[in-house]
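Could you put together the complete structure from these sequences and hints?
There are 2 protein chains.
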Amino acid sequence: MAVTIKVNEEVFTPRQQAVLTAALDLLVENGDGLTMTAVARRASCSKETLYKWFGDRDGLLTATVQWQAAKVRMPQVTRTGLTAKTLRLSIEQFARDLLTVITGEVSITLNRTAVTHAAQEKDSLGIIVLENGPLAIRRRLKPILEAGRDARLLRFDSSEDAYRTFFGLVVRDVQIRLLLGDKSLTQSNVTDNIEADVKAATDQFFALYGAKVSNS
Amino acid sequence: MAVTIKVNEEVFTPRQQAVLTAALDLLVENGDGLTMTAVARRASCSKETLYKWFGDRDGLLTATVQWQAAKVRMPQVTRTGLTAKTLRLSIEQFARDLLTVITGEVSITLNRTAVTHAAQEKDSLGIIVLENGPLAIRRRLKPILEAGRDARLLRFDSSEDAYRTFFGLVVRDVQIRLLLGDKSLTQSNVTDNIEADVKAATDQFFALYGAKVSNS
DNA sequence: TAGCTGCCGTACCGTACGGTACGGTTCGAA
DNA sequence: TTCGAACCGTACCGTACGGTACGGCAGCTA
Numbered sequence: 056m057a058v059t060i061k062v063n064e065e066v067f068t069p070r071q072q073a074v075l076t077a078a079l080d081l082l083v084e085n086g087d088g089l090t091m092t093a094v095a096r097r098a099s100c101s102k103e104t105l106y107k108w109f110g111d112r113d114g115l116l117t118a119t120v121q122w123q124a125a126k127v128r129m130p131q132v133t134r135t136g137l138t139a140k141t142l143r144l145s146i147e148q149f150a151r152d153l154l155t156v157i158t159g160e161v162s163i164t165l166n167r168t169a170v171t172h173a174a175q176e177k178d179s180l181g182i183i184v185l186e187n188g189p190l191a192i193r194r195r196l197k198p199i200l201e202a203g204r205d206a207r208l209l210r211f212d213s214s215e216d217a218y219r220t221f222f223g224l225v226v227r228d229v230q231i232r233l234l235l236g237d238k239s240l241t242q243s244n245v246t247d248n249i250e251a252d253v254k255a256a257t258d259q260f261f262a263l264y265g266a267k268v269s270n271s
Numbered sequence: 056m057a058v059t060i061k062v063n064e065e066v067f068t069p070r071q072q073a074v075l076t077a078a079l080d081l082l083v084e085n086g087d088g089l090t091m092t093a094v095a096r097r098a099s100c101s102k103e104t105l106y107k108w109f110g111d112r113d114g115l116l117t118a119t120v121q122w123q124a125a126k127v128r129m130p131q132v133t134r135t136g137l138t139a140k141t142l143r144l145s146i147e148q149f150a151r152d153l154l155t156v157i158t159g160e161v162s163i164t165l166n167r168t169a170v171t172h173a174a175q176e177k178d179s180l181g182i183i184v185l186e187n188g189p190l191a192i193r194r195r196l197k198p199i200l201e202a203g204r205d206a207r208l209l210r211f212d213s214s215e216d217a218y219r220t221f222f223g224l225v226v227r228d229v230q231i232r233l234l235l236g237d238k239s240l241t242q243s244n245v246t247d248n249i250e251a252d253v254k255a256a257t258d259q260f261f262a263l264y265g266a267k268v269s270n271s
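Chain order of the listed sequences is A and B.
All residue numbers for the first sequence refer to my numbering, where the first residue is 56 and numbers rise by one.
All residue numbers for the second sequence refer to my numbering, where the first residue is 56 and numbers rise by one.
All the pointers check out, no bait thrown in.
Each pair may be met inside one copy or between any two copies, as identical chains are not told apart.
Under the rule of at most 25 Å between Cα atoms (straight-line distance), these lysine-lysine pairs were calculated in the DSS-like manner:
hint	residue 1	residue 2
1	Lys254	Lys197
2	Lys177	Lys126
3	Lys197	Lys238
4	Lys238	Lys177
5	Lys267	Lys254
6	Lys126	Lys107
7	Lys177	Lys102
8	Lys267	Lys197
9	Lys107	Lys177
10	Lys197	Lys126
11	Lys197	Lys140
12	Lys140	Lys254
Keep in mind that the hints were calculated from the coordinates and are not lab data.
Since the structure is predicted, the reported quantities are computational estimates derived from the model, not experimental observations.
Structural data, given as structure tokens:
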């Protein structure tokens, strides 16, 4: 990976975080409503300060997305002994985390913002969102999958393929429909079904990658 | 389905189609570059005409997306006898069509445009894109899945669930990564692997939903 | 030829917004 | 108490762009 991006700490003072919070709120409320004047008013700060701290509008946008995306760290999965049972619970937890994140209002907003940004030859926001979303899950899931394979509980050639299949089974068409504003996916409509979807996806994943019981 | 949208013919004169082509080209070249002045110049027409034909900028955008999305009709799948073999070929063809469409430059542009639009409380473009993308596939795939079930070649309770699983297995994380501008997914990088991905997805789909051979 | 229609090209207007400048205030340090 | 740094609020500038107006031209009809 040649490009290194600022996933670093990039510490913000409390006051700056208040500004970023205001910016995020504006983004969530009204995607294109992130004008410098609006942020300044919402955060009770001067535009001059915004430019001093973040350089320009793009800098503010990047700082907001980056800061927020990094906050969406999902709870660590307890990776105890690795029996068939704990492995399944871990997988389920990953599915639950993934679904919970992508259906959240903040995640939808960040993804929309990054997609909009990507439509203008700018990929920095997309990279940040990817890095903190799918790729974060992948980094944490892969070792567990491989541990499962080592323990003869799972069976696959490429852990990359296994991860991507898992992603597909869990996310299906939910994310793209949410990003496109599909009204038939009410927030509650989705969240109410998360548990069922988690179970279904996990079942399917084990059906595809679980070690056959009656097998050498 | 309560909402009926203008998927109708909405005939455009050749001259108007030339204008829409210019608009689409601008969208593809530079997502946010769709200014009325740019379209007028590219299409060698006057802004006055644009407003006369399409009402306002949003009308032009909608007409462009709608006209283009409707053109992305994928080839009809020959639905012959429905043996195990033809069913599999049909499923593979659907997977191939779906992957080919979503990885295309035009599709990426339309989806990005619609997502951007959806970030501004406007869902019309999203509905159009959904209707002509995933939902079009669904409308055509479901009958085949159900025919497969009737012929005891497939096994599932809900054809809706079966369709969505199929979608997930085929699309995985490809679409969201493309929308976010993931550079590690070169165009060729993806298209070269389509056949392998089609086969893998189809295999997995039949592993999950194919009727067990040694059963009842 | 006269007149009408449709359209091109260009000029124009109003506004929204990114970015800058500056006066005034608070507050901590010397 | 004085100085300076940080920052708020506001006014300001330039530009880009959506939308409108208008002059001119081509083509059709009578």
